[in-house]
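Visitor: Sequence:
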Amino acid sequence: MTSLTVSTVMTPDPVTVRTDTPLKEIAEVLTARAISAVGVLDRHGALVGVVSEADLLSHLREHERPSWLAKRLSRRDRRMSGRVASDLMTAPALTIDAGASLTAASAEFARTGVRRLFVLRRGALVGVVSRSDLVRVFVRTDDELLHEVERGVLLRALGLGPDRARVAVHDGVVTMCGRVEKRSEVETLTRMVEDVPGVVAVENRLDYVWNDVA
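In terms of my numbering, the sequence shown is numbered consecutively and its last residue is 257.
There could be a bad hint or two in this list.
[What the hints assert, rightly or not] Pair by pair, the computed Cβ-Cβ distance ranges are:
1) 71 to 185: 51 to 61 Å
2) 233 to 56: 36 to 46 Å
3) 237 to 67: 44 to 54 Å
4) 164 to 186: 22 to 32 Å
5) 103 to 189: 48 to 58 Å
6) 233 to 126: 32 to 42 Å
7) 246 to 126: 55 to 65 Å
8) 76 to 144: 46 to 56 Å
9) 75 to 247: 44 to 54 Å
10) 178 to 85: 11 to 21 Å
11) 88 to 209: 23 to 33 Å
12) 63 to 198: 46 to 56 Å
Note that these hints are calculated values from the structure, not bench results.
All residues carry an ideal CB built from backbone N, CA and C; glycine is no exception.
Build the full structure now, drawing on both the sequences and the hints.
Guide: If you want it as structure tokens, here you go:
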């Protein structure tokens with residue numbers, strides 16, 4: 044079966060900044076690109092952290108002071124506007140491998156509670172995947188599901204052509220008809236099709252030649 048991986052749903056070439064990028068510039072990037080976070084790279088191009096809208100807002104809240112107190116700020120405090128990404132970033136950035144399954148990504152989102160994971164391939168940053176990216180996988184057309192089941196499950200995984208098994212999809216419900224050799228193949232097919240992202244239910248009407256289960 045063709046398993047969807049993180050690389051198939053991620054946004055490639057994510058927006059990044061350097062550790063010495065000023066916070067004002069980061070805010071401008073987030074606004075201009077309509078994104079909620081950027082990855083932070085060191086001088087070698089390695090991902091070392093992330094700065095999000097929440098980080099910037101937290102920074103603003105922490106440094107709001109009454110006007111009378113502002114007059115007594117030290118020179119160092121008055122230079123707050125010159126702070127850079129490395130001063131504020133959350134580190135390390137949470138990552139996932141490009142080849143990881145969507146199930147693994149879902150588990151990681153549940154474990155960490157974050158909104159996004161940066162995607163690495165052989166240690167290099169190649170994308171970013173969000174919770175909404177995973178949700179969109181389940182909004183697939185019937186034609187897309189039909190192709191996935193026919194080519195990815197029946198033909199590629201089990202070598203079953205349309206002469207032995209026929210597939211129909213309506214509103215995400217997959218119906219399979221035909222005849223296979225063994226009862227165990229019927230049960231295997233059901234499980235594999237149920238695992239296809241976007242499939243709502245499976246109606247397995249396949250028959251078999253002999254019962255190898257009982």
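Visitor: Give a verdict on every hint.
Guide: Hints, one by one, checked against the model:
Restraint check, residue 71 to residue 185: a C-beta distance of roughly 43 Å breaks the suggested window 51 to 61 Å. Hint check: residue 233 to residue 56, Cβ distance near 39 Å, so the stated range 36 to 46 Å holds. Roughly 50 Å separates the CB atoms of residue 237 and residue 67, a value that falls within the hinted 44 to 54 Å. Evaluation of the 22 to 32 Å hint for residue 164 and residue 186 yields a pass: the beta carbon distance comes to about 30 Å.
Roughly 51 Å separates the CB atoms of residue 103 and residue 189, a value that falls within the hinted 48 to 58 Å. Checking the proposed 32 to 42 Å range against residue 233 and residue 126 shows it is violated: the Cβ atoms sit about 57 Å from each other. Distance hint check for residue 246 and residue 126: the Cβ-Cβ separation is about 59 Å, which falls inside the suggested range of 55 to 65 Å. As the Cβ distance of residue 76 to residue 144 is approximately 29 Å, the hint placing it in 46 to 56 Å is violated.
In this structure the supplied range 44 to 54 Å holds for residue 75 paired with residue 247, their Cβ-Cβ distance being about 51 Å. Look at residue 178 against residue 85: about 32 Å separates their beta carbons, and that is not inside 11 to 21 Å. In this structure the supplied range 23 to 33 Å is violated for residue 88 paired with residue 209, their Cβ-Cβ distance being about 51 Å. About 53 Å separates the C-beta atoms of residue 63 and residue 198, a value consistent with the hinted range of 46 to 56 Å.
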